[in-house]
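Go ahead and model the full structure; you've got the sequences and the hints to work with.
Now for the letters of each chain:
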Amino acid sequence: MAITEAPKIVTSRMGYEDSHTIERYLATGGYEALRKAVKMTPEAVAAEVDAASLLGRGGAGFPAGRKWSMLRKAQTTYLVVNGDESEPATFKDHLLVERDPHQLVEGVLIAAYALQVTKVFIYLRGEFALGLERVQQALNDAYDKGAAGSDIFHSGYSVDVVVHPGAGAYICGEETALLESLEGKRGFPRIKPPFFPAAIGLYGEPTVVNNVETMSNLPWIINNGGAAFAALGAGRSTGTRLFALSGRVKNPGVYELEMVKTTFRDLIYAPVLGGGILDGNDLKAFIPGGVSAPWFGPEHLDLPLGQDEVGEAGSMLGSGSIVVMDSSTCAVRAALRITKFFARESCGQCTPCREGSGWLKRVLNRIESGEGREEDLDLLLDVCDNIAPGLTWPPQQTTICVLGPSIPSSIHSAILMFRDEFLHHVKDGACPYA
Amino acid sequence: MPEETQTRNDSDHGESHGEGAPDPGEVTMTLDGRTISARRGEVVIKAAERAGTYIPRFCYHPRMKSVGVCRMCLVEVSGPRGSTLQPSCYVEVADGMEVSTKSEKVKKAQDGVLEFLLVNHPLDCPVCDKGGECPLQDQTLAYGPGESRFIEEKRHFEKPVVLSDLVLLDRERCIQCSRCTRFASEVAGEAQIDFAGRGEQVEVAAFPDTKFTSYFSGNTVQICPVGALTASPYRFSARPWDLDQVESTCTTCSVGCRVAVQSSLNRLTRILGIDSEPVNHGWLCDKGRFVFESVNGDEVSGGRYEGEVRETGSNLATRISEPLVKKDGTLVPVSWNEALRVAAKGLLKAKEAGGPEAIGVIGGARLTNESAYAWAKLAKGVIGTDSVDAQIGDGLSSELVLSLPRATIDEASNAEVVVTLCGDIREELPVLFLRLRESVVAHKTSLIEIAPCPTELTKFAEAFIAIRPGDAPAIAGALTRDGRLDAALSNHPEGAAASADALGIATRLLASTGTDKERGRGRRVVVVVGRQSMAEGSAPVEEAARILARELPEAKFLFALRRGNVFGAIDMGLAPGLLPGRVELDAGRRWFEAAWGAVPDRRGRDTTSMLMSLSGDESIEEGNEISPTRALLAIGADPLSDFPDRALAVAAIDRAEFVVAVTGHRGELASIADVVLPVAVSHERPGTTTNIEGRVTRLGHKVVAPGHAWPDWMIASELAGSLGGDLDVDSVEGIRNEIANLAPAYLGLSNEVMSSSWARDGVVVPIDVNDESVRSNRHEVLLVDPVALPGVDSVERQGAPPRVGSAGPPVAESEEPRRDARDPVEVPQIVGRDRRDNSSGVTGFQTPPADSYSLRLVAQRCLYDSSSAVASSPSLSTLVSFARVRANGYDLDRLGVKTGDLVKLRSARGSLVLEAHVDSQVPRGVAVVGFNLPLAASNGSNGSNGSGGAGGARDDEDGVINAVSMLIDASSVVNDVRMESL
Ligand SMILES: Cc1cc2nc3c(=O)[nH]c(=O)nc-3n(C[C@H](O)[C@H](O)[C@H](O)COP(=O)(O)O)c2cc1C
Ligand code: SF4
Ligand code: SF4
Ligand code: SF4
Ligand code: FES
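If you read the protein sequences in the order shown, they are chains A and B.
All residue numbers for the first sequence refer to my numbering, where the first residue is 1 and numbers rise by one.
All residue numbers for the second sequence refer to my numbering, where the first residue is 1 and numbers rise by one.
Possibly wrong hints are sitting among the right ones.
Claimed, not checked - From chain A, some residues computed to sit far from chain B (all C-beta separations above 10 angstroms):
id : residue
1  : T4
2  : R35
3  : A60
4  : S86
5  : T118
6  : G149
7  : D160
8  : A234
9  : N251
10 : G276
11 : P304
12 : E345
13 : W359
14 : D385
15 : Y433
Claimed, not checked - Derived lysine-lysine pairs resembling DSS-like cross-links, with alpha carbons at most 25 angstroms apart:
id : chain 1 : residue 1 : chain 2 : residue 2
16 : B       : K65       : A       : K192
17 : A       : K8        : A       : K36
18 : A       : K250      : A       : K8
19 : B       : K351      : B       : K327
20 : A       : K36       : A       : K145
21 : B       : K459      : B       : K211
22 : B       : K349      : B       : K326
23 : B       : K326      : B       : K345
24 : B       : K349      : B       : K327
25 : B       : K108      : B       : K154
26 : B       : K327      : B       : K345
27 : A       : K340      : B       : K154
28 : B       : K211      : B       : K159
29 : B       : K556      : B       : K444
30 : B       : K444      : B       : K65
31 : B       : K107      : A       : K192
32 : A       : K192      : B       : K102
33 : B       : K459      : B       : K65
34 : B       : K108      : A       : K192
35 : B       : K105      : A       : K192
36 : A       : K39       : A       : K145
37 : A       : K185      : B       : K65
38 : A       : K39       : A       : K119
39 : B       : K444      : B       : K459
40 : A       : K185      : B       : K211
Derived from the structure by calculation, the hints contain no laboratory data.
All residues carry an ideal CB built from backbone N, CA and C; glycine is no exception.
Below you can see the structure in the form of structure tokens.
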């Protein structure tokens with residue numbers, strides 16, 4: 001496989017210094033899709049998205065068209081855009097928000113029109129200071145140009161869009177916590193059922209929540225047709241996707257690649273992409289889809305970048321963040337680093353997640369600092385098992401949301417793949433990488 | 001919620017289903033391999049519990065919405081997509097559902113959760129208040145690994161955090177179950193505490209600038225499943241296993257919440273709420289919960305009313321434990337014999353001078369029914385006076401109360417429309433507020449609120465009608481007519497338009513209640529009627545109630561009379577014109593003459609008239625055959641602090657020839673009476689009490705009264721002897737049976753009946769105990785879940801319900817209640833039995849016009865006031881605020897007054913300097929002052945020129961604890977004040 005000639009769907013303007021301005025946007029075909037969309041029926045717009053079989057880009061990979069069709073019409077409904085991107089190593093939405101805010105806004109307006117909602121909230125991570133400024137500016141420009149607000153492009157359709165900054169909690173990226181946060185409450189994920197905000201969402205009303213990248217694909221889909229999008233990629237994974245590559249690679253960054261047609265090896269090693277491992281080291285392991293995902297080893301390098309392909313191999317493409325570890329990376333430290341993050345960001349509602357994360361963190365910390373015991377490995381696995389019974393993937397859960405059962409992934413992977421390394425820490429009374 | 005735990009026999013719930021036909025309300029499911037039936041819509045944990053399987057839990061509380069956060073209750077639910085672990089407190093039952101509560105997977109998950117909960121738990125059980133009654137401790141014994149695998153450093157927090165004067169938090173012990181935060185927001189409606197932080201650093205916290213001042217804060221302490229929340233009055237004072245418990249009823253107000261009273265070594269230590277389905281759902285207000293301190297009578301020194309440093313001194317310092325007689329101007333301890341002799345002598349002297357009517361009897365609303373009966377028998381049967389009044393000028397006509405059809409609390413919270421025409425229910429009848437709030441918030445009930453200023457319920461009210469004192473009859477008229485304001489309201493405080501809107505909505509609402517057949521007849525309307533202001537006579541609201549009763553013939557009423565057993569006292573005849581069992585003097589004359597030997601010839605005076613007569617006010621005697629009142633017998637009442645008109649009370653007591661105070665606590669009257677007789681107070685004597693609904697419940701006897709204090713009935717009996725009569729009573733049980741045989745509304749309510757499990761939640765009178773349908777209308781026996789109500793040990797005697805986990809014995813049927821063999825025709829007619837015999841009483845009341853320079857005074861009751869019970873409860877007395885005046889900015893601006901400025905209020909009675917507060921919620925033309933609140937010492941200018949009106953205040957009024965009573969003329973229907981800036 002190789003890097004394909006697939007068009008750049010969401011990163012076409014990244015070459016321009018002024019990609020975030022309305023001038024550049026209009027000069028590069030901006031708002032044509034929305035103009036086209038409002039001349040179509042809302043159903044026809046939704047049908048294009050359905051035809052594109054666009055999978056949600058926020059992590060769960062649920063088909064956007066199907067999610068939209070769950071909304072019962074003729075009811076107060078809301079569209080909420082999830083731009084809370086706060087997971088370590090995930091930074092693709094960050095790019096879209098800062099570098100092409102108009103594309104996001106246009107996508108949002110297209111979705112709003114298709115869903116016939118009159119109120120949209122764009123929830124952006126509070127730390128995206130520049131992104132917040134730029135999306136707000138883009139929105140103001142859209143209002144000025146008649147693309148948002150009342151009677152957009154003289155279609156008779158009106159919609160208001162509000163940008164809402166988060167307050168620094170990762171959990172507010174979980175869609176129901178996000179809704180709580182939007183309502184002015186603590187960002188506690190809601191208990192399920194109801195399983196989908198489409199049934200009971202913001203202020204108890206049917207609500208669609210979609211990711212920033214999901215939205216950013218819409219202008220292209222309307223301009224080029226759902227079929228053109230669906231022609232890219234393979235199987236359920238259509239179109240292109242942004243991959244945030246980080247860790248021990250020469251060229252970390254965000255890459256837009258056609259799905260399934262490209263492999264992890266391409267992404268990590270191709271000179272125009274990752275460019276290979278730093279210092280010419282060997283690849284030790286990589287995380288295929290964000291820190292919640294179970295790790296892969298070199299044997300998985302030739303897996304295609306496709307949702308089902310990765311899923312069947314026992315992990316997930318998730319948020320599209322690939323973290324590369326090489327022979328200089330301490331697996332214990334990597335797992336500790338991730339667990340620390342979860343322990344800090346657990347919302348604290350559910351006992352297993354709240355207490356388990358802190359416990360696991362303490363044990364890992366002890367091992368990493370050379371005070372581990374051999375029995376700690378079984379303890380770690382058993383504690384993990386009490387959060388995600390059976391340690392299967394996708395996980396079973398004893399908690400309200402999937403943050404909890406995501407905690408075991410890195411620990412389980414690290415012990416499974418690098419048990420010796422843990423034992424080294426125990427025997428040497430120190431981290432061998434220190 | 002209510003549907004799940006009770007059996008109802010009324011038409012809305014009791015549809016019967018044909019034999020064999022599947023009940024649409026039932027589902028069939030499998031629980032651990034057994035087939036069980038469950039109620040559609042209920043959660044698995046509850047269905048399992050009823051089927052005898054107890055699933056461990058922490059966050060689940062049967063009276064609150066499930067949140068499923070602790071994860072202790074995980075069970076395995078098998079479905080088409082395999083089995084998953086699900087929180088049984090959240091998942092609803094479904095037909096064909098297969099649930100396992102004991103599988104390996106479930107066991108591992110539950111053990112895991114329990115182990116997690118202990119990871120950061122300090123395990124300081126030996127020094128923890130909850131140790132011994134702790135759901136975490138108990139469930140740790142049953143679940144979780146035997147040994148800890150956690151060898152790390154635990155999370156640390158500084159402890160304790162002071163959430164309020166009453167509630168302290170130990171964050172290390174908290175298991176983040178959110179019961180407390182949910183109670184605060186969901187049940188009390190005040191989200192004053194919430195979680196802060198995240199991960200294992202999550203902590204319960206009050207907001208930086210506010211405290212957890214909710215009137216219901218103590219409930220959070222009770223339902224906290226660990227020792228994280230402690231209440232300052234109980235903290236470190238006892239260990240659960242040293243406590244001894246009886247079940248009782250709170251008589252702090254007339255709601256009558258069921259309580260567990262606990263003591264250690266004859267000292268009350270704690271009151272906990274018991275879940276009574278028809279009444280309090282397990283909740284209590286903080287006053288009811290902590291006022292027991294006054295029984296212990298600890299002295300309060302330093303910091304009273306000033307907060308901060310507070311020391312409680314010797315035991316019983318505020319109690320009266322010996323009979324006292326005034327000798328040479330000072331009260332000295334004497335023997336009971338001597339005290340009774342002196343009391344009898346003084347009373348007989350008055351009787352000789354002016355006949356039996358010369359003796360007035362005030363009070364009795366704090367007694368048990370049995371004691372109230374004994375005093376009524378003494379006053380009306382032995383002495384022969386009908387000037388007997390349990391209400392002290394702050395209530396409603398007893399006849400009116402008895403004559404209108406009474407609602408139950410359940411009926412009110414299930415009504416289509418509730419109309420409130422009363423004071424602030426949260427301040428006066430706190431748990432009734434919770435019950436009503438629950439149903440209004442859930443949109444079960446539409447609320448029409450008619451009040452002088454908004455309350456906590458206003459935001460849920462469909463219509464809020466702001467009224468000024470005196471306007472109630474006109475509003476009631478408009479409401480039941482066409483919603484249009486008549487001339488009397490054209491000067492409505494908020495302008496005609498504003499109130500016309502609300503009136504219009506309210507009128508439409510009332511007109512549309514009921515089924516089609518009875519449309520507009522107000523079938524499911526409940527009206528709560530009470531005094532809205534102590535500065536307004538009872539006439540306006542009484543008149544309004546009569547109009548509503550006439551125009552809404554199917555409506556039922558609740559009367560917002562506050563004192564603990566005021567309804568029992570009225571029912572026992574402690575009211576002018578009434579005899580025990582809700583009968584009028586004339587109607588019951590023959591019946592009671594036969595039993596007692598004699599009853600008064602004619603109707604006597606109420607408290608206000610007695611005080612006016614005592615004070616020498618000639619106007620009261622005009623056209624009146626009764627001779628003036630000369631001597632006063634005050635039973636647990638102190639007109640000097642409780643009566644709305646201080647000048648009148650002072651003048652009356654000053655001029656009274658003889659005053660006997662029967663009381664358990666020191667107080668102003670008890671310091672100047674001629675004879676003081678010490679009584680046993682709440683928790684010191686058994687008996688029954690009657691709540692706002694007319695529900696009779698049993699009172700527990702937990703501690704022994706101090707010194708020589710006697711129960712009231714015994715004092716009445718001995719005093720009768722000293723007066724040359726004989727009450728012929730010798731025990732509480734004997735009196736109860738006498739009541740059951742004699743008092744028409746209480747016929748059949750014998751000891752046996754009251755002790756039966758059938759009467760566990762009380763019995764609403766009048767009742768036909770032989771009517772099988774009434775008896776089967778009892779509430780389902782609730783299981784006592786020690787996790788829902790930690791600390792409540794068992795529910796004693798009255799059909800002790802089983803502990804959780806067992807299905808429990810069947811409810812024991814009581815023996816057939818015996819009806820007296822008397823000829824039933826002889827039983828006198830109960831007031832109000834003949835429906836609407838009262839509506840003819842509409843009197844065509846006219847509101848006196850207000851002049852445009854005056855503000856109409858509203859004196860509102862407050863939960864924490866200067867009453868002796870609060871004042872002698874160290875933990876509550878610091879919560880009493882100073883009197884201040886609230887008025888609309890419009891009125892204050894005219895005087896150039898800002899919040900915080902001192903103003904002088906001047907009425908025909910006197911004047912008072914108070915701090916002013918601008919409050920846009922108060923309608924124009926109204927000045928609101930809290931009733932029975934003390935004057936701030938800083939308002940120095942009160943002293944010498946404090947009171948200039950009739951009667952004159954006795955001494956330096958700086959120490960006055962019921963400031964506003966200095967402005968009120970009780971004989972006036974409304975009281976207007978002028979405000980001056982200083
Ligand atoms: C702990 C947690 C954090 C999440 N954070 C994000 C996030 O930052 N951005 C995002 O789009 N989705 C996030 N998600 C996924 C959302 O819940 C939701 O699935 C997504 O926003 C739906 O959008 P999509 O269908 O367009 O992917 C998170 C989920 C979990 C459980
Ligand atoms: S799993 Fe963790 S983050 Fe999710 S709701 Fe529970 S405690 Fe909060
Ligand atoms: S303080 Fe008690 S009730 Fe409140 S969350 Fe903690 S454990 Fe639960
Ligand atoms: S509401 Fe009344 S009866 Fe209930 S606890 Fe409070 S004071 Fe007692
Ligand atoms: S999760 Fe069910 S009791 Fe806490």
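Could you check the structure against the hints above and give me the numbers of any it violates, in ascending order? 12, 13 and 14
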